[in-house]
Amino acid sequence: SAVISQKPSRDICQRGTSLTIQCQVDSQVTMMFWYRQQPGQSLTLIATANQGSEATYESGFVIDKFPISRPNLTFSTLTVSNMSPEDSSIYLCSVGDGEKLFFGSGTQLSVL
Amino acid sequence: KNQVEQSPQSLIILEGKNCTLQCNYTVSPFSNLRWYKQDTGRGPVSLTIMTFSENTKSNGRYTATLDADTKQSSLHITASQLSDSASYICVVAGTYKYIFGTGTRLKVLA
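Which chain is which? The protein sequence lines are A and B, in order. Each step along the first sequence adds one to the number in the working numbering, with nothing skipped, and position 46 is 65. Each step along the second sequence adds one to the number in the working numbering, with nothing skipped, and position 62 is 498.
These are computed hints drawn from the structure, not numbers from a lab. Quick reminder that beta carbons are idealized off the backbone N, C-alpha and C, glycines included. One thing to keep in mind: the hints can contain errors.
Derived pair list, reagent style DSSO-like, types lysine-lysine, alpha-carbon separation capped at 30 angstroms [claimed, not checked]: (1) B:507 with A:119; (2) A:84 with B:507; (3) B:507 with A:26; (4) A:26 with B:437.
Negatives, chain A to chain B, calculated, CB over 12 angstroms [unchecked claim]: (5) 48; (6) 60; (7) 77; (8) 80; (9) 82; (10) 103; (11) 104; (12) 106.
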């Protein structure tokens, strides 16, 4: 199994600012994903973080709003840019190897 | 359209009782089906994973079933405990995609 450390666990931010969430895995993984979970909703895939190339974004999510870095096979960051109250959600990092899918503990973001 | 639907949306049971959660899916092609438990404010934790050929899989007091013909799965919780209070999410893996259900919120009362 993979152990995922996600930071910060929660934050309260002001409208218009940006927050960068970090995801560190204890082993090299091919697939890293970023999900958003809005209150009372299921998980929605934001993008797949690709090592050495640009992330692959899902419909409705754009790089300018959610820039992602993946400098190596154990680390990724997601930035939520120019935040608004609608960005208040739990953001989850996830890694998979085809069969298994593991999640970080999530970042609970509140935007005022 | 690839979809995963779960029922009931929420459920309240007394400690010690059994319960069954349902998951219907229309994901194609199908790779595997997983059940996750998500405590409030935490990331989901895997309970079971089943491939096309598996009908039943257990993990302690959790037993998942899969009927690939009818595209239905269930998660049965035996002798519920207060710590079972959480959201239970059904996830179906297709080709390079994971489709998430909206979850069932379970509350176990003493």
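We went through each hint and held it up to the structure:
no., hint, result
1, B:507 with A:119, "holds (21 angstroms)"
2, A:84 with B:507, "violated (37 angstroms)"
3, B:507 with A:26, "violated (37 angstroms)"
4, A:26 with B:437, "violated (35 angstroms)"
5, 48, "holds (15 angstroms)"
6, 60, "violated (7 angstroms)"
7, 77, "violated (10 angstroms)"
8, 80, "holds (15 angstroms)"
9, 82, "holds (20 angstroms)"
10, 103, "holds (22 angstroms)"
11, 104, "holds (19 angstroms)"
12, 106, "holds (17 angstroms)"
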